[in-house]
Amino acid sequence: MESFFTRFKNVLVLVAVLLAQTIALAIQVRRPVESGAPEGNKVMLIRYWVVAAVTPFERFFLGFGRNVRGGWSNYVDLRHTRQQNHDLQDQIAQLRLEQAALAEDAMQGHRLQALLDFRQHYVATTVAAQVIGTSGTDLSRVFYIDKGSKDGLKPDQAVITPDGIVGKLRDVFPHTSQVLLINDQTSGAGVLLASTRIRGILRGSATGRIQINNLTPDSRIKPGEQVLTSGGDQVYPRGLKVGTIESIAPDPDHQPYTLISLRPAANLFQLEEVLVITGTQSELPAQTKKDLAVGAATAETQAEASRVAAAEAAAEAAAKSAAQIVADRLPSLHDPNSPDADATKAPDPSTPKPVGGIVPRPQPTLHPDRYTPGSAPPATSLQPGAPNSTGAVRRNSADDDTTNQPSPTTNLPSAAPKKAPKPAPQTQPQTQPQIQPQTESQPN
Amino acid sequence: MATHSYTSRRELEQHSFPPAVALLVPLAAVVLQALLPKPFPKLAILDLPLIVAVFFAVSRRNPVAGTLTAAAIGLLQDALTNQPIGVNGMAKSVIGYVAASIGIQVDVENMSTRLIMNFGFSILNSLLLFLINHRLLGLPGFQILWVHELIRAAVNTLVALPIFMVLDHTKRLD
Chain A
6 MESFFTRFKN VLVLVAVLLA QTIALAIQVR RPVESGAPEG NKVMLIRYWV VAAVTPFERF
66 FLGFGRNVRG GWSNYVDLRH TRQQNHDLQD QIAQLRLEQA ALAEDAMQGH RLQALLDFRQ
126 HYVATTVAAQ VIGTSGTDLS RVFYIDKGSK DGLKPDQAVI TPDGIVGKLR DVFPHTSQVL
186 LINDQTSGAG VLLASTRIRG ILRGSATGRI QINNLTPDSR IKPGEQVLTS GGDQVYPRGL
246 KVGTIESIAP DPDHQPYTLI SLRPAANLFQ LEEVLVITGT QSELPAQTKK DLAVGAATAE
306 TQAEASRVAA AEAAAEAAAK SAAQIVADRL PSLHDPNSPD ADATKAPDPS TPKPVGGIVP
366 RPQPTLHPDR YTPGSAPPAT SLQPGAPNST GAVRRNSADD DTTNQPSPTT NLPSAAPKKA
426 PKPAPQTQPQ TQPQIQPQTE SQPN
Chain B
-6 MATHSYTSRR ELEQHSFPPA VALLVPLAAV VLQALLPKPF PKLAILDLPL IVAVFFAVSR
54 RNPVAGTLTA AAIGLLQDAL TNQPIGVNGM AKSVIGYVAA SIGIQVDVEN MSTRLIMNFG
114 FSILNSLLLF LINHRLLGLP GFQILWVHEL IRAAVNTLVA LPIFMVLDHT KRLD
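Chains A and B, in that order, are what the protein sequence lines are.
Its first residue numbered 6, the first sequence is counted upward by one per residue in the numbering used here.
Its first residue numbered -6, the second sequence is counted upward by one per residue in the numbering used here.
This is chain A alone, in the form it adopts within the complex:
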């Protein structure tokens, strides 16, 4: 007998070790395996020991790496901070506008929910946590965070990022917690297709993809559709982003069901910080209410501004002269290439309307001379005592204020080219006694 144990010592040790572990496995999986099911105290104790031994190293390396990165990013790599700040300010302004657009709908939806006595659970409190380590194997998609039961965390609480859901807490230790990712094989979540409102169950897979495999073929389900949490699993609050549908294919193992693969909204493979939802409430959180109020105020301001703009546009349209309407309708009188084309635009409302009806503009001069309208300088530019100035003054005096009128006695060939040719007046001088040069040059 002694020789038997001596001879087969090695094999017997192996068998004993395997037997002991098989019994341990049998104890652990005595009940049906449920995702996230709590284990016996002894197993928890083993995990607790190992986690307590390993996580200090993980915390040390995480802290070291964070300090190095912080030293670099906070003191050395600040080259584009000003530009980035400017871009972010622009982004905030854009987001405020989007928020304003959505605030009205959100408030209306909330009022309707209240009318229907619909119990919506909103995220009330969260705990931010840092990812410190992983399981180390792709057969078990879990990671560890640096917050535990001392921070108010409990098993089965949802873990999210601003992009979407990540997973749920599985084991919670005093200062550390294990998070089960939604793409683990044992993971699951109740989901809702955003546009078709079809409910499904999300599951992880061996390849790390997330899939819905309990739906039959439906032509309404299309790739690109967004998937949200349904709230039916009592873990994830309703309405959180899960991902978008990437592909739809028949499930070869479970006919006639389809296999809908999703692209997760959150980057499950490179997580740095996460939020653990520690509490929900049926009322909107105070901050959200405040945000909605700000959004609604911005929306009202926008609406007021658009009303004012519409009123101005209406007044401008009303002030559009009949002459311009006729000019628009008579293409022969309207040369788009001429510099006078701008004159067909809506005039300044401050310009007095012509009295006495509509007078067509004269044809453009083929051979301009000194009598051509606009070729003579205005009387205000003439100097007393200059040659021919008397006649010019007399003539201009006779013309009274019509400074744009030609002066037959004025002969200033050197001055004429310096002045830009004045556009032909649209109305007779007596009907529009004073034309301000500034008014002509202003674009309408």
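Zero decoy hints are in this set.
Looking from chain A toward chain B, a few residues come up when the C-beta cut is under 10 Å (computed):
1) I28
2) A29
3) I137
4) T139
5) T142
6) D143
7) L144
8) S145
9) Y149
10) L273
11) F274
12) Q275
13) E277
Ranges between beta-carbon positions, derived for each pair:
14) B:S105 to A:P160: 48 to 54 Å
15) B:V99 to A:F274: 35 to 41 Å
16) B:A21 to A:S8: 37 to 43 Å
17) A:A199 to B:F33: 31 to 37 Å
18) A:L107 to B:A21: 48 to 54 Å
19) B:F33 to A:P160: 27 to 33 Å
20) A:V299 to B:A21: 49 to 55 Å
21) B:A21 to A:A111: 50 to 56 Å
None of these hints come from the bench; they were simulated from the model.
Yeah, the Cβ is synthetic: ideal placement off N, Cα and C, and Gly gets one too.
Let chain A serve as the given structure and place chain B on it in line with the hints.
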């Protein structure tokens, strides 16, 4: 004058390790395995604890020591996952035993032997994990992707060679 007579490779080249190395290297392998996939998710394909378990088993050339060391490393790995404790423990116990038994028969200092050995043990580890999860635990959705496992074995083999060379310096001839 005393004379030594060696009757087997085991008696010729049985090594031991300082307690600090025997304790800290497996722990470091488990910690590194948990840390590395965080900044580099693709490195989850590595199995540093397996490499260390194989190294200690083939170096000691003692199946009992190999079995127990590998079992302890596997259990450490299990404790960090969401799987029942014992899955990796059982798989690595078998590998530790086989590796130590091979170490008695084969020259494991040879580079090509190490190459083949690591590749083979990585595949064996995947096969054992599949059998334990699929047959013993009866997980219906558990499947094995053989192409992925071949890539895993190749990567582990490439990483194992330099690790073996570094750890060779810690050996102590009995």
